Amino acid sequence: MTTYPTLPPQSASFDYGKLNVSEVNTLGGPIRFRHSDRVSGNALKLQYQGLTQTQVEQIRSHYFENQTLHGYFQLPTAVWGGLSVVANDARYRYTEPPQEEHTGLHYNLTVSLIVIDGFTVLYILDGGDATVPTETAFTSFALTGYQPFILNGNGADLSSITVTHIFNGQGA
Amino acid sequence: MATFPALKPNARTYTPGAHPSTAIPTMNGNEMGVRHNNAILKYILGLTFNGLTTDQHYQLIGHYNLHARFYPFDIPSSILTGSGLTFPSTYVWIYVGPPATEHTPGLVTTRVELELIPPYTI
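Chains as they are written, first to last, in my numbering: chain A, 12 to 183; chain B, 681 to 802.
So that you can see chain A by itself, here it is in the shape it has in the complex (with noise of 0.2 Å):
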């Protein structure tokens, strides 16, 4: 797989792609299946202004060595500026062959782009180390101790009980 060449454009303008559901229509209403998940077919153009003859030919020579429209490769992250889009490793397709201008000493060029394996869409919920916090004072109506207060559950086996919650109920 090829990589596209570190050029970042002057503007670019892209859509969110789309999770890859298909809705299948039944008597009872639309019912929606989805397919993987990744967010996909992000559609992205870039501009270019003003590029060198060498700026020019490194992306004439990316499309030509990607096999024009037909290969994968992947974008620097220098392309998007600092936009968090798609994901780093996510891998792309020209869909038209690049458009130039020739100005005489410059050359303008657009770029179309469609991005082919984008974010995956899953969730980890990691929740840290779980330290127990300091001690500090506590007094309420209902309860007279210290925080936190912790539940200590054990396994769900009633012929071994090792825990027993004692409530010490004080004149209300």
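Watch out, some of these pointers could steer you wrong.
Short, incomplete list of chain A residues facing chain B, as computed with Cβ under 10 Å [what the hints assert, rightly or not]:
1) Gln85
2) Ala89
3) Val96
4) Arg104
Among the chain A residues that face chain B by a calculated CB cut under 8 Å, a handful are [to be verified]:
5) Asn31
6) Ser47
7) Tyr74
8) Gln78
9) Leu94
10) Glu111
11) His113
12) His117
In short, the hints are calculated from the structure, not lab data.
This structure is a prediction, so every number in the text was calculated from the model and none was measured.
Just so you know, even glycine gets a beta-carbon here, dropped at the ideal spot from N, CA and C.
With chain A fixed as given, assemble chain B onto it according to the hints.
Here is chain B on its own, set in the frame of chain A:
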């Protein structure tokens, strides 16, 4: 086959060709690509000529009239000066369509679009 007139364009547009290929999407968002040919087709070169003399304009129109979108031809190096463009050898050019000319008093501007194609015999 007469070579395209040796005039220097004032501006150019260039669109490289592409392999004939088909991207077949799958339901999970991935793609399968099928390339149908080793050739790269449909290179398009747009040329704009500003301030042509009557003779120069006649050279362009005359060349089109003799070739149209049928007879292929070569282009002289002056057309590509400074562009760094290279093309597959033996390929030839044909017109995409007729040249478009704009006449204003004392100024003739003509735009021509050419397409690069694999060689063929008439």
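- Query: Which earlier hints can't be squared with this structure?
  - Reply: Of the numbered hints given earlier, those the structure breaks are 1, 2, 3, 9, 12, listed in rising order.
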